[in-house]
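Engineer: In case you want the letters, here they are:
Number of protein chains: 2
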Amino acid sequence: MKKAVVLLSGGLDSATVLAIARDQGFQCYALSVDYGQRHRSELAAAQKVAQSLGACRHQVIKLDLTAFGGSALTDQAIEIPTTGEKTEIPVTYVPARNTIMLSLALAWAETLQSQDIFVGVNAVDYSGYPDCRQEYIAAFERMANLATKAGVEGKKLTIHALLMHLSKKEIIQTGLALGVDFSLTVSCYQADFEGRACGVCDSCRIRKAGFAAAGIADPTYYWSS
Amino acid sequence: MKKAVVLLSGGLDSATVLAIARDQGFQCYALSVDYGQRHRSELAAAQKVAQSLGACRHQVIKLDLTAFGGSALTDQAIEIPTTGEKTEIPVTYVPARNTIMLSLALAWAETLQSQDIFVGVNAVDYSGYPDCRQEYIAAFERMANLATKAGVEGKKLTIHALLMHLSKKEIIQTGLALGVDFSLTVSCYQADFEGRACGVCDSCRIRKAGFAAAGIADPTYYWSS
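Protein chains in written order, with the working numbering: chain A, 1 to 225; chain B, 1 to 225.
DSSO-like, lysine-lysine: derived pairs with alpha carbons at most 30 Å apart:
{"no.": "1", "chain 1": "B", "residue 1": "Lys86", "chain 2": "A", "residue 2": "Lys156"}
{"no.": "2", "chain 1": "A", "residue 1": "Lys3", "chain 2": "B", "residue 2": "Lys62"}
{"no.": "3", "chain 1": "A", "residue 1": "Lys86", "chain 2": "B", "residue 2": "Lys156"}
{"no.": "4", "chain 1": "B", "residue 1": "Lys62", "chain 2": "A", "residue 2": "Lys149"}
No lab work stands behind these hints: they were computed from the structure. These numbers were taken from a predicted model, which means no experiment stands behind them.
Sequences and hints are given; from them, build the entire structure.
Structural biologist: As structure tokens, this is what we get:
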């Protein structure tokens, strides 16, 4: 069985990615990063998701990105936007987060002698995030193949970003078809410690709209419910 | 004054890089990573070097790479080679280390609105490390420019890897000319907690030979002395 490293945030997208990797026959090593995010309950969600989708291991790596700040997700002084207004690059953008997470996945993949990394980046809903574009992923893959032993030995490493061009509706439909229990996942930027969502941050709005568009009852636990 | 992020390990190469960045007129933000390395005294060395070369800030980021293992530097079960024998890729290679460190530097640079990252990678002495080659650095730079806000806005980020093609002798000469106090630096893979070196690991051998080739008295503190 081929091994894959799957970046698992605890949200809806990466849960679907884990289900896809498993469906493709990979033995899945799920990786989450405890980077000082506000919504720490996503880490507990990631653990439940990893278990429910049969990951052979779930590793949480600690990395304190609050030292850098610069994002509403890692700096308590910056408020989470809840009005639904669009800005060019939202304050919830964490500088270089995908690059850091993919680098950590790369380190683990190299140790495991895996040539496959799965990540749930998506260009549709997060069009303001520079590191959620296909050309970025392609550049990372190219760099990774120059960075590693495996690359030097001619074993190509692939970054699988299969959700890139799917809408939230399509991601939800794909996940459901592969047995994802979305009630385990947490998307909210300011989820409480039990994983209950605010319902009004950008991440909640996108998620809600996705379930509505898919015609599926929203399984999310909200503060108010 | 333009800001630069300088990756500072506490060794000879990165100390020289910091001196070069300062000499080029940059305001230097020194970044070290506490990744669970055996030779933790290099972090204390980094602090002294940052201070002595006038870095405006020195940030140590914690990241536990021992969770992945796969290297003699992060796995106590793998012995540090001391025979001086050449192997293709040495066991002291840490999977994806440069990629991870450059990613962290990228995150900080983005937060600081800096477009310059300095790193002491060198192709001459570490020819077995895939992530110490010019083509790797070029690929990282290209990826970084696609990953960030600054890149999207057309502000080019540069990865300065100025030591790439210098011999250890030339690095030592460059550092000395710019006022680096090499007695503060620690290169040894198994330095003790006071920073004293073993004298026989690959890193010590390369360093010793560098001082000899430069005709400079070796200022290193050794266990035996």
